[in-house]
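Asker: These protein sequences, in sequence, are chains F and Z. All letters in the first sequence, in the order written, are residues 749 to 1131 by the working numbering. All letters in the second sequence, in the order written, are residues 749 to 1131 by the working numbering.
Mixed in with the good hints, there may be bad ones.
No copy labels: a pair is met if it fits in one copy or bridges any two.
Derived lysine-lysine pairs resembling DSS-like cross-links, with alpha carbons at most 30 Å apart [to be verified]:
(1) Lys860 <-> Lys1055
(2) Lys821 <-> Lys860
(3) Lys788 <-> Lys1023
(4) Lys817 <-> Lys880
(5) Lys902 <-> Lys1080
(6) Lys880 <-> Lys1080
(7) Lys1080 <-> Lys821
(8) Lys1036 <-> Lys1055
(9) Lys821 <-> Lys1036
(10) Lys817 <-> Lys1036
(11) Lys860 <-> Lys1036
No wet-lab data here; the hints were simulated from the structure.
For reference, the chains in residue letters:
Number of protein chains: 2
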Amino acid sequence: MLSVDSVQSLKRDEGIEVVWENESRARFHAVWLRDHAPDKDTLAPGNGQRLIRVQDIPADVRIEAVSRKDDGKISVTFGPENKTVAFDADWLWANRYDRPELASRAPGWTRKEVVRWGSELEPELPVESFEKAREQGVELYRWLRDVDRYGVAKMVDMPVESGAICQVVDLFGFVRETNYGRYFEVRTEVNPVNLAYTGLGLQVHTDNPYRDPVPTLQLLSCLDNSVEGGDSVVVDAFKAVEVLREEAPQKFDLLAGYPACYTYAGAADVYLASKRPMIELGPDGELKAVRFNNRSIGPLTEIPFDKMAAYYDAYRHLAEIVERAELQVTFKLKPGELFIVDNTRVLHGRVAYEGSGSRWLQGCYADTDSLRSKLATLHQEWG
Amino acid sequence: MLSVDSVQSLKRDEGIEVVWENESRARFHAVWLRDHAPDKDTLAPGNGQRLIRVQDIPADVRIEAVSRKDDGKISVTFGPENKTVAFDADWLWANRYDRPELASRAPGWTRKEVVRWGSELEPELPVESFEKAREQGVELYRWLRDVDRYGVAKMVDMPVESGAICQVVDLFGFVRETNYGRYFEVRTEVNPVNLAYTGLGLQVHTDNPYRDPVPTLQLLSCLDNSVEGGDSVVVDAFKAVEVLREEAPQKFDLLAGYPACYTYAGAADVYLASKRPMIELGPDGELKAVRFNNRSIGPLTEIPFDKMAAYYDAYRHLAEIVERAELQVTFKLKPGELFIVDNTRVLHGRVAYEGSGSRWLQGCYADTDSLRSKLATLHQEWG
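The whole structure should be built from the sequences, with the hints applied where relevant.
Answerer: As C-alpha cells, this is what we get:
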C-alpha cells in the first residue's frame, strides 16, 4: 500500500498530477483516466471488460475536480459528463506511465522477470518433481516462475509412458497441436521427414520458425536414452543476442532490421513458410523473440542485395556465439525426465549419438500465455 | 519456365549475375548461393532440411567458375572448397533478392495475396458448402484461397449440431485450445465471464488480443439465431489502417510505434496480459497484424506521457474509421452457417439483440500457418 500525499489538476484541466508518500510523482491524462474509470458503467462488474468505446468518451473530456478522499482513494470528476469516479492510489501507482525511462531503453531490453544466463546455470538448472508439481501448489508456482525467468526448466519423476508429456502441459495450459501431432516421436527413423528424427547432432535452434505463430513453448520428454551421446544442450538466445550487440551492435541491428525466411516441406502434404526477423523487437525496442534454425532458414529473399553480405556476417557471428562453451548448458535426459523451453528465447540442440542402445524422446508444443496466466493466479497464493 | 540468357562472375568473385531471357537481371552473393546449394551434402534429400551450419561455409567463400549448362541449369563452382553445384534457373528467378523495390515500400504494405476490401465485398462475400469443401478438392482450395485473400469467408450446409465447428477446422488445420475450451458457447449467460456472452452489441474487434501469441483464425458457427438483431459485422482492419494512414500518417505511426496493453481477468483462474502494438509492422514495414478491442485494452502503461494524448487521438480516429458504413460488411448467420476470420486482420462484431427467440453461436480458434500450408498443397493440384 502506497498512499498519496497530494493531487492536483494540470494546467488547462487536461489531467492530474499525483504525488505519493515516497515523493514520486506522475501525471495522468483526463482521457486515459476516463477510459480506465473503474465504475460499473465503464468496466463491467464481474469480468472487468470495458463497456464503452473510445469514441464514447467526449473529445473535450477534462478534469472538473480532483481530491484525495478520506479512504485514500483519488476522486476525479470528469467534464463535460460531470461524472465522478474514485481511483485506488495503488492502482494508479502500478499503472503510471509518466516514466522517463520509457523513452531511454536500449534496443534488446527485456521484461524485468527475465534473467539472462550462460553456462553458470548448469549446476542450478531449475528442476521439479512431477509428483510435487501436480499438487498445484508452491512447487508448481516456483517451477512456472523459473520457466518465466530463465526460459528453461527440467521436470523429473514423470511416468515413463508414451504421451505422459501432455500431462505436464495440463498442469498449466493447452497443447498446441500441429502437423507433427499433439505430441511427436523424436527417434531415429528410416526416411525421416525431419532431421530431428535421425542420430545426427543438431545445432542449437528454436523449433518451427517456419510456423507463424511459432509455438512459444516446447517440451521434450525422455522414455529411453541408453545410447552413447545424445546429450541435450540449451542456450539462452536472449543472452546470445546481448553478447552480439556488445561485440558488434551493427550486426544486432541487421538481424533485427530485416526479416529472415523459414520453410519446411519435409512431408508431401505440408508446406510451411514464414517471414520474421531472427531478432524480433517490439516498437519500443523490447526483445520479443529470437528465431534461429540452420535447418530451415531460407531462401532469404527479403534482405536487399546491398545488405546481404553484412547480414550473413551477422548471422555467422551469432551462430558462433551460440556455440561458445560459456553460453551452453548441457545435460543428458534420463527416462522419466523432461525439459521445457521458451521457444521464443531458449535454443536447444543435441550431441550426435550412435552405437548400441536406443534414444526415444517425445516432443510437444504449448504456449506461454496460458503458462503466465497460471503463474499469475498461483502468484496470488504463493508469491 | 524462364531460361537464362547469360551468367557471369561479379568482381572479386563475390557472387554472380544472372540475365534471364526476359532481360531481367539479378545478382547473387557467393555465400547465399553456397548456403542454399541444392546438393545432398547441403540439403537433405527427402525432407530438404539443411545439413550444414552457416559457419561450415568458409568465410572466404568465392565463385571459382560459373556457366550455363546445356540443360539450362546454372553450374557454380565454389572456392576454396572446389565444390560444384547446379542451380535451377527458375528457382533462382523465384528467389532473387536483388530487387530495388525491397527498399522502397511504404509502411503498411502487404503480401501480394492480400486484397483489401470495404462494404463492396458484401454481395460477394466468399461462401462455400461444407459438403463440397469436405471433398478436399477445388472447392476447398478456392475457399482457403479466399480466406487468405480477403481474411474472411462463410461456410454453409454445416451440420446443425454442437461441436460441428471443429469439423471445419479439421479441413485445413488444428484447433487452438484455450481457457475457453476447444470450442466455446456464445450466448446470453447469467454472470458472464465475457461480454460476448450477453445480448450487448459488440464493437468490431479482434479476439483475444490479451493472448500472445494471439489465435490467428477465429470461426463462429450458428446453431440458432431467431432473435431480433444479432447481425454479424466484419471489417477489414488492413483497409482501415490504410485509410488512417491516408488521412493522418502520423496517427498510423503512433499506433504502430508504441505498444498497447491488453488484459483479461474475467474468470477467477485466468489472468491473461499482452503488450503488442495496435498496428504491428515487420522490420521492413510489412503490415503483419492489427489488434483492436475496446473491451480488453489497457491499462496503457507503455506509451510515454508526452505521446499519450496524441496516441488516444489516433486510437479514436481508427475507432471511428472501423465504424464507417463503407468499411462494414453485415450479414445474419443462419443455423448451419459459419464464418471464419483472419484474427490478425479482420475485425468482427455484432449488433445488439433482445426480445423473444434465442441466439446460439459457437466459437473456435485455429492458426493460419496450417491453413496456408493446406492451401499451398492444394494449389499444386488446383492452382
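Asker: Could you run down the list of hints and mark each one as holding or not?
Answerer: Here is what the structure says about each hint:
{"no.": "1", "hint": "Lys860 <-> Lys1055", "result": "between (33 Å within a copy, 23 Å between copies)"}
{"no.": "2", "hint": "Lys821 <-> Lys860", "result": "within (28 Å within a copy, 53 Å between copies)"}
{"no.": "3", "hint": "Lys788 <-> Lys1023", "result": "between (44 Å within a copy, 25 Å between copies)"}
{"no.": "4", "hint": "Lys817 <-> Lys880", "result": "neither (47 Å within a copy, 66 Å between copies)"}
{"no.": "5", "hint": "Lys902 <-> Lys1080", "result": "within (11 Å within a copy, 50 Å between copies)"}
{"no.": "6", "hint": "Lys880 <-> Lys1080", "result": "within (22 Å within a copy, 51 Å between copies)"}
{"no.": "7", "hint": "Lys1080 <-> Lys821", "result": "neither (55 Å within a copy, 46 Å between copies)"}
{"no.": "8", "hint": "Lys1036 <-> Lys1055", "result": "both (23 Å within a copy, 22 Å between copies)"}
{"no.": "9", "hint": "Lys821 <-> Lys1036", "result": "neither (36 Å within a copy, 41 Å between copies)"}
{"no.": "10", "hint": "Lys817 <-> Lys1036", "result": "neither (41 Å within a copy, 46 Å between copies)"}
{"no.": "11", "hint": "Lys860 <-> Lys1036", "result": "both (13 Å within a copy, 27 Å between copies)"}
The structure fails hints 4, 7, 9, 10 (numbered hints given earlier, in ascending order).
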